[in-house]
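J.: What follows is each chain in one-letter form.
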Amino acid sequence: MGHIKLTNVAKSFGAIDVLHDINLEIADGEFVVFVGPSGCGKSTLLRMIAGLEKPTGGELAIDGKVVNTVPAADRGLAMVFQSYALYPHMSVRQNLAFGLENTKMPKAEIATRITEAARMLEIEHYLDRRPGQLSGGQRQRVAIGRAIVRRPVAFLLDEPLSNLDAELRGSTRAELAALHARLSATMIYVTHDQIEAMTLADRIVVLRAGRIEQIGTPMELYNSPANRFVAGFIGSPHMNFLEGSVEPSSSGMAVATFAGGNRLELPVAASSLVKGAPITLGVRPQHVSIGSGADGIAAKIKLVEALGSETILHTDVAGQKILVVAQGQHNLTPGADIRLSLSSAPLHLFNEKGRRLEHAV
Amino acid sequence: MSRAIEFVFRRKGGKGWHWTDIVTWVWLIVGLFVMFGPAVWLTASSFKSPAALAEFPPTILPYVTQKVTVEGYDKPLDLYTAALEDGSAATLAEVRRIGTVSQMVDPEKPTEIIKVNIAKRTPVRQMSFATENYTEPFTHFDFVRYLWNSVFVTVTATLITLVVNSMAAFALSKYEFRGRTFAMLLILATLMVPLSVIMVPLYSIVSALGLFNNLWGVILPTVATPTGVFILRQYMLTIPDELLDAARMDKASEWQIYWRIILPLTAPALAVLAIFSVVWRWNDFLWPLIVLSRKELYTLQVGLSIYSGELNVQWHFILAMTVVTMIPVVLVFLFLQRFITTGIAGTGLK
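Residue numbers (our numbering), protein chains in the order written: chain U, 17 to 377; chain G, -1 to 348.
No wet-lab data here; the hints were simulated from the structure.
These figures come from a predicted structure and were not determined experimentally.
Glycine is no exception: its CB is placed at the ideal position from the N, C-alpha and C atoms.
Accuracy of the hints is not assured; some may be wrong.
As the list claims (entries may be wrong) - A partial selection of chain U residues facing chain G, derived with a Cβ cut-off under 7 Å:
#1 L68
#2 A88
#3 A89
#4 M95
#5 F97
#6 A101
#7 S107
#8 Q110
#9 F114
#10 N118
#11 P122
Work the whole structure out from these sequences, hints included.
T.: The following block contains the structure:
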């Protein structure tokens, strides 16, 4: 139940290819999040799994059965839409019942399923209201309820939290995680919000321009991004990138120079890199520390964002912007010169094509 | 009540008459006369006797000359106020008129004939409603049958119009297919072909189908209207596609999507089209006149033309029956008017 496999799936609208060669296997009960910038094809991919769009290439299988030509209704999936897509002229109860009535389910069974779902989502009190009389959060629950009553093999959720305010989004996110734990059903969730992706997912699929950039658990993506795009996309504030080139070195370790002539020893053997080759260093703002004395890299503070628990510094190192997240509160002002230290930071190295260079961190 | 008066007489800036206040008042009063004048005059005239209708200059309200029964005369005589030679005025009854001289009698002294120049007498008039204008057609003329024909044609044609046009609009707004825009343009282009151009071919089709002298021959050619398709399509474009996707995930067939999702949500636009269709079909004259030649199949509008004969037009009946035929249209408007604003506003670009 709920095992979904995509093999070389492709989709094009006319001459425009929106998805290329998607290979993905989703295990039963897994919570998979598709994440990526807008226009990357994540919603199209979800709609293709749902059966609302037909793939133009490849094979899509649910529980071992190829479903390329099976209509949406017969795939046994349920979908929660971004706009919720509740039928505005029907009461909440009718909204929940509509899909079940279409399967010619006995009335008593429909009633029990609705009661059960309503209790689970705490929407019993407004079963007889119309969607227009509900708040955003309540509508969201009804939309999820409409999916639950169908008892689908998998839930497809298309940016379900994007219409909620920040506070509600946080609590609903937790409820969704709890719901997944309780139903233990396969869930595929599309979002462009990396916090939702990181907190909810068993595995994250990062998409860009119709291609899968990386598939992995949230921590895999955070700790060892496969390329520069994933590194920049996951994590907030985003990772700092320093453009540099490989230098000849006397010791066994590789050395790179970057902006302002700063030299940095890399945690990788010199023999593994071509001298003079361009290289990109990635370092998360949280891992940059403020150095003392004359050690470290000279930087000028452009902007200070004090959040209380932490301070975000926008600094400038010879024309390159570097973000620093320093724990606690610091008495720093824009225009001041400071020293930044990368000595304890895990460094991510990317070659000129943006691919990750493997090394021991 | 005082608040209503205050509202009506509120002026710009609170006091004094600004020129925009005057323009507004004049504009609205002229508008009131232009819009309501003909309807009021029609209704008032429908209560006039044939003689009063032929009068010139015409009056708004129905007046008749007062009559009086005078001893020695069989028929009641018309009463006039006459200016006598001695300068006094008297109320006299006219016996007969010879040339420019009217022979009159005082109702009190019926034996004495007084001669008065017709320029020196004016009729004594009173308001009187000729209700027989309404009652007679119901008894002598097959009004009820015509009414039934009209109601049948209007209701059936409107229902079919709503179903057919909404189906076309559904396809043209919610399905992607090759030539969709072309089909829409083609439908809209038919707006430019007037009835008089297609009358003859339409007549041969109706005749070939054996619908001549049949109410269905009046109904069927009118049900598909480009205006209706356009209004409904523009409205349906505003219904989000995600609703249709949701219904598809909910195992709804395409027919169910149309019937249970699209139609209820299109209600405001459907109401507008319903009003239009009722008014069109109810007021239709030319086409029913062509298709229907048997008297018992006449619709009201065709039936009314009976009263205008070649030599004699019975205006009093025509006016009275026109008032009666206006009533259903007014009622439909009253019931559906709240949808008009939302519906017409909703057909704009969005």
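J.: If a hint holds in the structure, say so; if it doesn't, say that too.
T.: Here's how the hints hold up against the structure:
Annotation: L68/U was flagged as interfacial toward chain G, and the flag holds, the nearest CB pair being 5 Å apart, inside 7 Å. Using the Cβ-Cβ criterion of 7 Å, the hint placing A88/U at the interface with chain G is satisfied: the shortest such distance is roughly 5 Å. This hint holds: A89/U has a C-beta 4 Å from the nearest C-beta of chain G, less than the 7 Å allowed. Restraint check, M95/U versus chain G: the minimum CB separation of about 5 Å is within 7 Å; hint holds.
A cut of 7 Å between beta carbons decides the hint on F97/U: the least distance to chain G is about 5 Å, and the hint holds. A hinted interface residue such as A101/U counts as satisfied when its beta carbon comes closer than 7 Å to some beta carbon of chain G; here the least separation is about 4 Å, so the hint holds. The interface hint given for S107/U is violated, since its Cβ lies 13 Å from the closest Cβ of chain G, which is over the 7 Å cut-off. Here the hint on Q110/U is broken, as its CB sits about 10 Å from the closest CB of chain G, past 7 Å.
Below 7 Å, beta-carbon pairs count as interface contacts, and F114/U has one with chain G at about 5 Å; its hint therefore holds. A hinted interface residue such as N118/U counts as satisfied when its beta carbon comes closer than 7 Å to some beta carbon of chain G; here the least separation is about 4 Å, so the hint holds. Given the 7 Å rule on beta carbons, the hint for P122/U is violated: about 16 Å separates it from the nearest Cβ of chain G.
When the structure is compared with the earlier hints, violations turn up for hints 7, 8, 11 and for no others.
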